[in-house]
Every structure is written in structure tokens, then in C-alpha cells.
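Engineer: Generate coordinates for the entire structure from the input sequences, incorporating the hints supplied.
Line by line, the protein sequences are chains A and B. Be aware that the first sequence starts at 38, since it is given in the numbering used here, and climbs by one per residue. Be aware that the second sequence starts at 38, since it is given in the numbering used here, and climbs by one per residue.
Keep in mind that a hint or two might mislead.
No copy labels: a pair is met if it fits in one copy or bridges any two.
Heads up, simulated EDC-like pairs for lysine to aspartate or glutamate below, C-alpha to C-alpha not over 20 Å straight-line [as the list claims (entries may be wrong)]: (1) 85 x 73; (2) 85 x 414; (3) 441 x 114; (4) 316 x 367; (5) 69 x 419; (6) 427 x 114; (7) 69 x 309.
Keep in mind that the hints were calculated from the coordinates and are not lab data.
2 protein chains.
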Amino acid sequence: MDVISNIIKKNNTKIILVVLDGLGGLPVKDGKTELELAHTPNLDNLAKSSALGLHIPVDLGITPGSGPGHLGIFGYDPVSYSIGRGILEALGLGMEVKNTDIAVRGNFATVTYEGEKVIVKDRRAGRISTDENREIVGVIRERLREIDGVKIFIESGIEHRLAIVFRFPEPLPEGSDDINDTDPQVEGAEPFIAIGRNPNAERVARIVNEFIKRVSEILKERERANYILLRGFSQMPGIPTMEERFSIKPCCIATYPMYRGLASLVGMDIIEFEGEDLKSQIDTLKRVWEDYDYFFIHIKKTDSYGEDGNWEKKVEKIEEFDRELPSILDIKPDVLVITGDHSTPSLMKGHSWHPVPVLLKSPYVLGGTSSRFTERECLKGELGIFEAKKLIQLMLAHAGRLKKYGA
Amino acid sequence: MDVISNIIKKNNTKIILVVLDGLGGLPVKDGKTELELAHTPNLDNLAKSSALGLHIPVDLGITPGSGPGHLGIFGYDPVSYSIGRGILEALGLGMEVKNTDIAVRGNFATVTYEGEKVIVKDRRAGRISTDENREIVGVIRERLREIDGVKIFIESGIEHRLAIVFRFPEPLPEGSDDINDTDPQVEGAEPFIAIGRNPNAERVARIVNEFIKRVSEILKERERANYILLRGFSQMPGIPTMEERFSIKPCCIATYPMYRGLASLVGMDIIEFEGEDLKSQIDTLKRVWEDYDYFFIHIKKTDSYGEDGNWEKKVEKIEEFDRELPSILDIKPDVLVITGDHSTPSLMKGHSWHPVPVLLKSPYVLGGTSSRFTERECLKGELGIFEAKKLIQLMLAHAGRLKKYGA
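Structural biologist: What follows is the structure, encoded as C-alpha cells:
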């Protein structure tokens with residue numbers, strides 16, 4: 038990527054990246070994939086005059102989580118930059134995470150006390166309701182805001198799950214998250230003490246152990262959910278921003294916290310807006326059009342229905358997008374890319390490793406290779422099958438933002 | 038590959054890799070390749086519903102030998118792991134090679150003595166017959182079994198060729214094979230003394246020089262083939278086994294010693310069986326089906342006839358395989374891959390660098406891209422053109438043996 042940083046130039050072009058989460062599929066009905074089953078006259082039309090291909094999110098055969106999937110299409114090597122579990126969980130719950138922070142996942146658990154000993158009776162506190170979880174978190178929040186100058190932020194997840202962010206006064210050195218899980222993973226055992234594997238991590242572990250102690254005091258009268266087990270301590274990966282690397286000013290127009298969080302990790306501005314549908318996203322796009330030059334639009338439901346194995350609904354979501362596509366084209370971006378972060382074939386009810394269809398519209402394409410925007414038609418396209426992390430190079434090139442390399 | 042080792046998981050799936058040696062070809066008759074000329078109704082049928090593509094054995098334009106060709110499709114970087122000539126020769130003659138061993142190729146040569154000096158008259162001893170070679174080897178074997186605790190194994194090759202394995206009492210440190218050839222490569226010159234380029238290699242060289250001296254004493258009354266010239270000293274490369282790297286239990290069902298040897302280098306169990314045809318191999322496959330989860334089946338003749346430039350016979354061998362294919366499909370492997378280790382176009386009468394057709398059958402493919410299993414139809418396939426060493430990742434993914442990467 039040194040080549041890129043040496044040939045980057047700025048101009049006034051506008052680039053849109055539309056991510057239909059989990060877009061790629063496999064044959065699920067009459068030998069056709071979700072994209073093939075969908076009635077998509079606008080995408081078909083656009084495909085005929087666009088550059089098509091498929092991207093490999095991480096590597097052949099590797100099924101990416103949402104983190105690696107998005108890092109790739111944002112132009113980052115998903116193997117070099119890994120995002121810890123705690124960070125992703127916190128982002129998913131809409132929490133802010135900074136370079137001063139340690140994020141961690143937690144469970145409310147039920148313990149008993151045998152003398153000095155704490156014994157885990159139920160690692161999930163009987164899977165308490167999300168409402169009960171929120172009540173407890175409310176109580177903790179009120180009574181525990183800070184420990185030795187370290188601010189504490191807690192957010193409820195589903196049922197017994199939660200995320201905690203410990204915010205230190207200064208940025209944390211690398212390795213500060215090198216701390217064992219306190220969750221013993223089995224019932225009848227004692228929770229582990231958090232131990233830092235280096236001096237910086239020791240400092241964090243001290244706060245963590247104090248936090249657990251105080252929480253257990255706050256909850257000690259409860260019959261269940263009277264303790265907290267933590268796992269996946271993680272800090273912000275040291276990721277240079279997209280602006281630093283590509284000299285573009287990027288923003289994110291997404292509804293789900295996880296994707297807003299991922300976008301913020303690479304330095305995108307997160308745009309606030311009302312509404313949850315694609316129409317509101319496109320209205321927002323128009324509203325901020327003059328303020329940025331790279332716009333990441335994230336559409337979640339294609340993935341969700343793929344995960345459910347509900348191909349009919351995934352097809353519907355693709356068709357919904359197709360209906361809104363003209364209003365995106367009306368904005369006349371210089372470069373428009375439509376793709377996914379990974380495949381989520383309804384057939385497999387989960388993420389998969391299969392290459393993901395990519396459509397790139399710009400004035401500088403061959404086009405005419407394919408009749409539709411589907412996995413099989415993309416195989417005929419001019420972009421071939423390429424690594425996701427190189428998508429940014431194509432987008433920048435088509436936007437005239439890369440100078441000639443060498444004389 | 039650290040990514041892979043972190044996401045490997047075990048399950049009960051069965052994977053078959055069929056290697057038709059030297060499979061790929063070039064147009065040789067009516068503009069058609071061997072695969073295109075062959076009548077292959079079963080392969081055609083399978084191709085329609087499988088994932089197709091081509092693999093590049095080593096790199097663009099690089100023609101691999103059998104060693105690199107097989108290492109790649111077994112999932113090993115053929116450039117990082119190189120197999121010495123001596124090892125390959127010994128394996129090809131059906132000799133066992135262990136981590137205690139130094140293997141080397143040899144020629145019987147004719148020398149004359151001028152005082153203290155040994156002068157090479159004929160580096161190939163007049164290309165003695167293989168029978169004469171075997172006779173001489175028999176004599177040496179009888180009289181020279183060990184030198185200073187190092188066991189000596191000799192095997193005749195074709196005409197004047199042979200291979201020798203020196204088996205030391207303990208595993209040899211890396212670099213023990215760093216010894217010059219003793220073959221001077223020209224006639225009228227003296228053979229070189231073997232010199233080790235480090236202390237471990239010196240210890241080996243001492244045994245080698247003693248070996249050459251003793252052999253020349255045994256053969257000194259002969260008019261020709263009275264000396265031995267050695268080249269390509271090599272020891273076992275430190276290759277982690279497939280089981281260590283991929284948590285699969287692999288076995289090899291091959292008739293030719295070279296391929297059995299290559300398979301043993303990566304830790305495959307070598308299955309013994311009667312017969313030399315594909316039917317016996319498939320019977321053997323059925324017999325050991327419960328004992329392994331990865332089955333390497335090697336078919337040699339496609340390469341041999343390609344090397345001879347005999348495209349009619351190569352076509353016949355492909356058609357023979359096609360007829361047996363249904364009995365492999367009957368076993369219902371979870372993943373079946375059919376490919377070659379490299380191309381051997383009859384047109385070129387030798388190995389070549391051309392990408393090799395790959396067919397992957399599993400429930401998780403797009404399919405429907407191609408009508409036959411040929412070079413040109415594979416170009417339309419969903420796997421694209423990819424590096425051979427990544428084939429294992431695809432096979433493991435399709436077998437459900439790779440977990441999601443990242444959250």
C-alpha cells in the first residue's frame with residue numbers, strides 16, 4: 038500500500054459505497070441464487086454498462102465475521118488489523134470506543150459464597166430477561182461511574198449479556214488489553230482474577246478486579262444475576278484513518294450500531310438521521326452530499342434474512358434496494374460501488390467464504406460483459422475475482438484520485 | 038497461514054483429492070486439448086453442477102516438477118518447502134527416507150587410475166543396462182551395509198542411475214546435507230571429494246568419502262562401472278504434517294513410489310494394495326473409508342503419455358477415469374476435488390506452466406457455469422484462477438472444517 042500513499046491525489050469527485058450485508062448467495066430455489074431470483078430491472082440495467090467482478094473478503098475459503106468483512110472493503114488488510122471481541126460487542130451496542138479505552142464483553146451470572154470463595158452457579162444467571170438486565174445496569178450505572186479516575190460505561194445486550202468500556206485518562210499503549218478472561222467457562226468453579234500480562238495490562242487489570250468487586254457488592258442481595266463475568270478484553274486497534282491513507286473525507290450512513298462503530302474505527306464521520314429505511318438513508322446522503330467525498334451506505338437486512346435461511350425475504354430486500362437505486366443514481370456520484378461485506382447464503386444460514394458480487398459504475402469501464410448483477414454474471418465481468426482490500430484502489434482510480442505510478 | 042491454524046476445526050467429513058498427473062493440455066488435434074477430445078459424459082455431467090477453476094502450481098510461467106506440483110495441491114507453499122533431488126530420486130525408487138537420512142543420486146561411472154589420481158573416463162559407464170546395474174548394486178549391498186554405525190541403502194535406477202540413503206543413528210540437524218556434488222560433470226577430470234560446509238555436513242561427508250572409497254575397492258576389478266559419482270545430497274525438509282496443520286487424517290492411494298513418497302513427506306499414511314489399476318485404487322478407497330478423512334488418489338498415466346507426446350493415449354486415460362468416476366461418486370464424499378499436479382501438454386512432450394483444471398464438488402457451490410471439465414470451460418468457473426497452495430483452504434471450507442474468522 039506504500040505505492041498508493043505515494044500516488045494519492047485529491048479532487049472533487051464523489052464516491053458512494055453501498056454495502057448490502059451478506060449479499061452473495063448460493064442456489065436456493067430452481068437452481069437460482071437470491072440475486073438471480075430477485076426481480077431487479079434497475080440493477081440489471083446498471084450491470085450492463087458497469088464493471089463487474091467478485092471480491093474475496095479475506096482469503097480463499099475464509100468466512101469473515103463482520104469486522105474483517107468491512108475492513109476489507111474499506112481498504113484495510115483484515116488480517117493485519119484485527120478487531121477484538123470486546124470492541125466489536127461495544128460497537129454493536131452503540132457505545133463509543135476510543136484509544137483511551139478497554140472494552141470487554143460480560144455476562145450477568147449467579148454465584149454463591151462459600152467462606153472466602155466465590156462459586157459460579159449459573160454462568161448466565163438463568164438467562165434473565167433483557168428488561169431485568171437493563172434494570173440492573175441502571176443500578177450499577179448510578180452507583181459506579183468511576184474507579185481511580187477511570188470512567189466506567191456499561192450497556193445492556195440481549196438477556197444476560199452486556200458490554201463495558203473502561204475509559205482511562207490518556208491513550209493506552211499497545212498490549213494494555215493483554216488480560217485473561219475472568220469467566221471460568223464452567224459452572225461450580227471460581228471466577229478467575231483478571232491478570233495483566235505486562236505492566237500496562239496490570240494497571241488495567243487492577244481496575245477491572247476492583248470493578249468486579251464493587252459490582253458484586255452492589256448486587257450481593259440479589260438471588261440471581263449477582264455477579265459479572267468478563268471476557269474478550271480489547272483495545273482500539275491502531276488503524277490509520279481513511280483520510281490519512283487515502284486523502285478522502287468519508288462518512289457513514291448506517292442504522293445498525295455495529296457498522297457505525299466499524300466505520301468510526303477507520304475514521305468515518307457517523308451521520309445521525311431519523312428513520313431506519315433506505316429512503317431515509319438516501320435523504321441523508323443528499324443532505325450531506327457537499328460535506329464529504331466518500332459515502333458508506335450500509336443495508337443490514339439482506340444478511341439477517343440470509344442468516345435466518347429466509348431466502349424469500351432476502352430476495353425482497355434486494356428488490357427493495359433495486360427500487361431505490363434510481364434515486365441514488367440521480368445524485369450522480371462519480372463512482373458508485375454496490376457489493377457486500379461477505380456472502381450469507383440462505384442455504385447455509387450463515388456467513389460464508391464465497392466471493393461477493395461487485396458492481397462498479399464510472400465513466401471508465403468496459404461494460405457489456407454481463408446482463409445482470411448476479412454471482413454468475415459477475416464471474417464474466419472485467420474486474421475478475423480480487424481481494425476485497427484492493428477495492429479501494431479501484432474506487433480511487435475510477436475517481437481520478439490516483440496519479441500515474443513511475444515515469 | 039496463521040489464519041488457517043486459528044480457525045481449523047474437526048468434524049466427520051470425508052474429502053477426496055483425485056490427481057490425474059499432468060492433466061492440463063493444449064490444443065493438439067482440431068484445435069482441441071486432450072480433455073476436449075476425450076469423451077467424458079460423467080465428468081461433463083459433474084462439471085455442470087460443480088465449482089470449476091484452474092490452479093497455478095507455483096507461479097505464472099513456472100513449470101513445476103512433481104515435488105512442487107504435489108506440495109502445492111497438498112496445501113504447502115512449494116517455494117518455502119523444497120525437496121532435494123536426492124530425496125526425490127530415492128522416493129521415486131521406492132526407498133524410505135526419514136529425518137535421520139541423507140539421500141543422494143548416483144551414477145555408475147568408469148574411471149582409470151593414474152598413480153594416486155582417479156580420472157573419470159565415462160560419467161555414465163557406457164550407459165550400462167539396468168540389469169547390469171542391478172547386479173552391481175547386489176554385490177555392493179552384500180559387502181557394504183554400514184559405515185561407522187551409518188546404515189547404507191542402495192537402489193538401482195534406469196541404466197547407470199542409482200540412489201543411496203545414508204541412515205544415521207539420530208535425526209540430522211538442518212544443513213547436514215550442505216555438501217558439494219562429487220560428480221565433476223566433465224570427463225577427463227578427477228571426481229570431487231565430498232566436503233561438508235558446516236560441522237554437521239562434515240560428519241556426513243566423511244561417511245560419504247569412505248563410502249566412495251569402499252565402493253571403488255569393491256568394483257576395482259571391473260572394466261567399466263568401477264566407480265560411483267554422487268550429486269544432490271539432501272535431507273528431509275522439515276515439513277509439518279497435514280494432520281498438524283489441518284487437523285485431518287490423510288492417506289495416499291497411489292501405485293508409483295514417487296507419489297507415495299511425496300505423500301509420506303506431508304505425513305499421509307501410505308495404503309498398501311494389490312493391483313495397479315484405478316479399480317484397485319477405488320476398492321482400496323472403500324476398504325479404508327472409515328479410517329481416514331482425506332484421501333489422495335494418484336493416477337500416473339495421463340502424465341506419462343503426455344510426456345511421450347501420445348495424445349491419443351492420454352485421451353484414453355482420461356476416458357478410463359471418466360468410466361470409473363461413478364464408483365467414486367457412489368462413495369458420497371463430502372468434498373471431491375479432481376485436478377492435476379501440473380499440465381503435461383502432449384504438444385510439448387513435457388511438464389508445463391499452464392494452469393491446471395480444477396473441479397470441486399460439494400453442496401455449497403454455485404455450479405451451472407460450465408458444460409464440461411476442460412481448460413476452456415474451467416476458465417468460466419466460479420473458482421477463477423488461483424494458487425495451488427490455496428486449494429486446501431477451499432477443500433476445508435467446503436467440508437465445514439474452517440470456523441468464521443473474526444467477529
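Engineer: Evaluate each hint against the coordinates.
Structural biologist: Okay, the hints, checked on the actual structure:
1. 85 x 73: Classified as both; 15 Å inside a copy, 17 Å across copies.
2. 85 x 414: both (10 Å within a copy, 16 Å between copies)
3. 441 x 114: between (23 Å within a copy, 17 Å between copies)
4. 316 x 367: So residue 316 and residue 367 pass the 20 Å test inside one copy only (13 Å; across, 52 Å).
5. 69 x 419: Between. Shortest inter-copy distance 15 Å satisfies the 20 Å Cα cut-off; intra-copy 23 Å does not.
6. 427 x 114: both (9 Å within a copy, 18 Å between copies)
7. 69 x 309: neither (38 Å within a copy, 44 Å between copies)
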